[in-house]
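Trainee: Let the hints inform the model, and build the full structure from the sequences given.
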Amino acid sequence: MLVVKIIAFLIIVMIMVRMVMIMIIIIIIVVVVVVVVVVVVVVVVVVVVVAVAVVVVVVAAVAAVVVVAVT
Numbered sequence: 000m001l002v003v004k005i006i007a008f009l010i011i012v013m014i015m016v017r018m019v020m021i022m023i024i025i026i027i028i029v030v031v032v033v034v035v036v037v038v039v040v041v042v043v044v045v046v047v048v049v050a051v052a053v054v055v056v057v058v059a060a061v062a063a064v065v066v067v068a069v070t
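Number 14 in numbering that gives the first Met the number 0 belongs to position 15 of the sequence shown; there are no gaps in the numbering.
No false leads were slipped in.
Label-pair restraints from in silico Cβ distances:
{"no.": "1", "residue 1": "Val39", "residue 2": "Val61", "range": "29 to 35 angstroms"}
{"no.": "2", "residue 1": "Ile23", "residue 2": "Val2", "range": "27 to 33 angstroms"}
{"no.": "3", "residue 1": "Val40", "residue 2": "Val16", "range": "33 to 39 angstroms"}
{"no.": "4", "residue 1": "Val12", "residue 2": "Val51", "range": "57 to 63 angstroms"}
{"no.": "5", "residue 1": "Ile10", "residue 2": "Val44", "range": "48 to 54 angstroms"}
{"no.": "6", "residue 1": "Met18", "residue 2": "Val38", "range": "28 to 34 angstroms"}
{"no.": "7", "residue 1": "Val12", "residue 2": "Val36", "range": "34 to 40 angstroms"}
None of these hints come from the bench; they were simulated from the model.
No residue lacks a Cβ here, since even glycine has one placed at the ideal position from N, Cα and C.
Mentor: Okay, structure coming up:
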């Protein structure tokens, strides 16, 4: 009986270890996905801000040229 109990305990421990490993892998995957999403969002925001800044500068330059040409 003792041997059976030890074997059952070992099997339970193995299952627990597997479950913990699976949970750790899932957590790592989730963290990686979150980091990638955050990086993509930051890059998109930076690109949009730069594009808006360029458009504003171009519009300002064109407006200045038009004002100078008109006056």
